[in-house]
Amino acid sequence: MPHPSAPIPQTPTAVALPLRLLPLGPLSLSLTAYSRSVARRHPGLFRRLGAYNHTRFVLDPTDLPFVICLDPNGGVPRVTLTRGQGDGAARIAGPLAALLGMVHGAFDGDALFFSRDLVIEGDTSAALALRNAIDDAELDLSQEITRLSGPFAAPLQRLFALMERRSGVSLTRSKEVDAW
Amino acid sequence: MVMEIVCPAGTPAAMRAAVSAGAHTVYCGFADETNARNFPGLNFGRNEMREGIAFAHAHGSQVLIAINTFPRAGDEGPWHRAVADAQSCGANAVILADIGLLDYAARHHPDLRRHLSVQAAAANADMINFYADTFGVKRVVLPRVLSVPEIAAINAETAVETEVFVFGGLCVMAEGRCSLSSYATGLSPNMNGVCSPASHVDYHNDNGVLDARLGGYTIHRVQKDKPAPYPTLCKGCFSTTDKTGHLFEDPVSLNAEQLIPQLQKAGVTALKIEGRQRSRSYVAQVVRNFRAAVDALEAGQPMPEGMLARLSEGQAMTTGAYKKTWR
Amino acid sequence: MDLTVGPNQFFWSADRWAAFYDDLAAAPVNRVVLGELVCSKRLPFFQDRIPDAISTLLTAGKEVALTSLALVTLKRERKQTAELIGMGVEVEVNDLTALAHLPQGTAFSVGPLVNVYNEGALAWLAARGATRVCLPPELPLTSVATLAKAGADLRVMIEVWGHGRLPLAISGRCYHARMHNRTKDNCQFACEDDPDGLDVRTLEGQPFLAMNGVQTLSDSYACVAYQIDALQDAGVRALRLSPQSNGFGAVCGLYRQLLDGQKTPAQVTDAICQLDANARLSDGFLTGDRGVDWSGSRT
Chain A
3 MPHPSAPIPQ
13 TPTAVALPLR
23 LLPLGPLSLS
33 LTAYSRSVAR
43 RHPGLFRRLG
53 AYNHTRFVLD
63 PTDLPFVICL
73 DPNGGVPRVT
83 LTRGQGDGAA
93 RIAGPLAALL
103 GMVHGAFDGD
113 ALFFSRDLVI
123 EGDTSAALAL
133 RNAIDDAELD
143 LSQEITRLSG
153 PFAAPLQRLF
163 ALMERRSGVS
173 LTRSKEVDAW
Chain B
66 MVMEIVCPAG
76 TPAAMRAAVS
86 AGAHTVYCGF
96 ADETNARNFP
106 GLNFGRNEMR
116 EGIAFAHAHG
126 SQVLIAINTF
136 PRAGDEGPWH
146 RAVADAQSCG
156 ANAVILADIG
166 LLDYAARHHP
176 DLRRHLSVQA
186 AAANADMINF
196 YADTFGVKRV
206 VLPRVLSVPE
216 IAAINAETAV
226 ETEVFVFGGL
236 CVMAEGRCSL
246 SSYATGLSPN
256 MNGVCSPASH
266 VDYHNDNGVL
276 DARLGGYTIH
286 RVQKDKPAPY
296 PTLCKGCFST
306 TDKTGHLFED
316 PVSLNAEQLI
326 PQLQKAGVTA
336 LKIEGRQRSR
346 SYVAQVVRNF
356 RAAVDALEAG
366 QPMPEGMLAR
376 LSEGQAMTTG
386 AYKKTWR
Chain C
980 MDLTVGPNQF
990 FWSADRWAAF
1000 YDDLAAAPVN
1010 RVVLGELVCS
1020 KRLPFFQDRI
1030 PDAISTLLTA
1040 GKEVALTSLA
1050 LVTLKRERKQ
1060 TAELIGMGVE
1070 VEVNDLTALA
1080 HLPQGTAFSV
1090 GPLVNVYNEG
1100 ALAWLAARGA
1110 TRVCLPPELP
1120 LTSVATLAKA
1130 GADLRVMIEV
1140 WGHGRLPLAI
1150 SGRCYHARMH
1160 NRTKDNCQFA
1170 CEDDPDGLDV
1180 RTLEGQPFLA
1190 MNGVQTLSDS
1200 YACVAYQIDA
1210 LQDAGVRALR
1220 LSPQSNGFGA
1230 VCGLYRQLLD
1240 GQKTPAQVTD
1250 AICQLDANAR
1260 LSDGFLTGDR
1270 GVDWSGSRT
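Protein chains in written order, with the numbering used here: chain A, 3 to 182; chain B, 66 to 392; chain C, 980 to 1278.
In short, the hints are calculated from the structure, not lab data. Careful, some of the hints might be misleading.
So the derived list for chain A, only partly shown, Cβ under 10 Å to chain B, looks like this [unchecked claim]:
#1 A41
#2 Y54
#3 N134
#4 A155
#5 P157
Virtual Cβ for every residue (Gly too), placed ideally from N, Cα, C.
Make the full structure from the sequences, and use the hints.
Take a look at the structure:
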């Protein structure tokens, strides 16, 4: 766990650069399959989105060369990676470590906003709903990925392993919630 | 007796985090307009509430349900049902603000313990005793306009338990008596359970300069790399003819951790942490911090040094009205 | 419909204060609520003028009531509140502290700073002795109509905020003092320089609020001229006009003429704007999306 006052880690260029060459199409398909597998185990997440269950979100890891477009699609999500601005009603931007740390309960979203590590644009209310829904779901993205099988599993597992090894980014739910 | 830590929970996950981190008591609300943190993606469905309370009780914690907005004329049903459901879900008490709802709860649910919400702004012993005598209120959450000596004076004149805020967002105005938000956005804490709602917030980021607009009004502008506050009206940056600045309050949040011994001497029963809109990470961290503080106090040890600045709005803290010079 | 003059929200000199109520004796209003609403430190400056003002207004045939303070925290303020009961006129409760001192069975009225949002609260207050309630300004017309109907059944007269800067918030902190880097205890009465409150603008110069010591008001002047028919249909029995430093007698006359059908809403609002060319009007709490909205701009 990072120390509370430690800066949010930035994904090193050594990791980010090779990502530029990734074929985003297959990766999008993998992430869609992955998100649907998460959705099946966490239907409450989509219930909690309420009116924003069909709102398109742009998640922008500012230290990676692509953005993640998430369409909750009423509980049957679609994920698209794209190299550009992406299209959505709300945009949540910040270092990958901040975004993942929030998902895993290691960081507090408001605190990241106060410290300017997180930037919200567009429909602020939708962004808040997504943040709260994810916080309640207590996701563990690493554990979720081990549950994924089939043709989409392998590329994702390789990607996650690479990122975790090379970046120090938290890909596991914070067990002992003692840091931000 | 050890002072009671009363912790916020906006979601079932946050409730579990609070209980696991040592909260004596957790407060929360139903997912609708009946509570003053009616934010998107927050709060509890009926089943979630029942399960959450069972979890808390199994771990020795109590649960309070805030039903602290003012019921809508011609449509009081949702508020009445919230009181009934709070009782059937097993809540240890309800936190109410409206005299009509207090009267309803006292008549229809006499066995359900009633706390007076900060939204009722009961700021003196006469009023607190009036609520106790009239509606059987057992505890009052004091408005954030009182100094520590004033709190001590109140406790000397009332048998009603007092609960005070020690950490988190700070209302500058007397709570429950503020229409700034509905003036600018149409949505108010009293009627809709929201203040300066996200649905009416627009952020503009221009080369790192962050503008926040609410209902079309520019609330503040923060320079690159400076801490950002919530876009809350009363903490905005405004101008009069001869001054520009945070005319009502700086973008700070309350931290009265170091005042806990004085609050105990003043006769305070419970210490309340604000932040049902915050994450489970915030809840766990703040609860652990304050639990350690009251345990240290009980053991006769000095207050531990706090580490909560980063969690605070604008990353700046104040002791608020507890010190008289705040006024 | 009756016209009620609400308590002056601002800090005026004792002479100005007394002259204002002398003038009101001749104004076409039915009822006057006076006394200090906002800050207990102001009261000693004009307290000894209150009995004369009451007697002048009673002689002129007005109903008279005394307001309680809006936020009571100090011992001195509790004492002031308790003393209102023995003054011989009706008390307008603007903080429930006053109820703690009112003997059961004593009739009283309720001001706009007490939260009466629903029938339950109204019925409880009626049972406690309330005969008239001025509703909180932020209530929408649908709620006003529901409460006016309930009020008729409960024999409680329902009044709404008709004209004047809206009281949006009250605080323990004095913003005038803070602006001058003083504490509230050493405020040196900074608010007395602003007889209608001090304009507060956004960083982009947009008019927004007005500062009045511990109180925060709207920049805009509420004006229900375009809502009169709807309010009458809803069963509202009185309009509250809130004192302002200039042309208040004329304002009272304009609303009376509007109620008597001698002037149209457009004529009334034009005349109000002529009294103060910089005044902005609003009626959004009743029918708009936001409190600041103004239906006059749609016509």
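Hint by hint, here is what the structure shows:
1. Given the 10 Å rule on beta carbons, the hint for A41 of chain A is violated: about 16 Å separates it from the nearest Cβ of chain B.
2. Satisfaction of the interface hint for Y54 of chain A is found here, the shortest Cβ-Cβ separation to chain B being roughly 7 Å, below the 10 Å cut-off.
3. Because the beta carbon of N134 of chain A sits about 3 Å from the nearest beta carbon in chain B, less than 10 Å, this interface hint is met.
4. The interface hint given for A155 of chain A is violated, since its Cβ lies 27 Å from the closest Cβ of chain B, which is over the 10 Å cut-off.
5. Checking P157 of chain A against chain B by beta carbon gives a least distance of about 30 Å; that is not within 10 Å, so the hint is violated.
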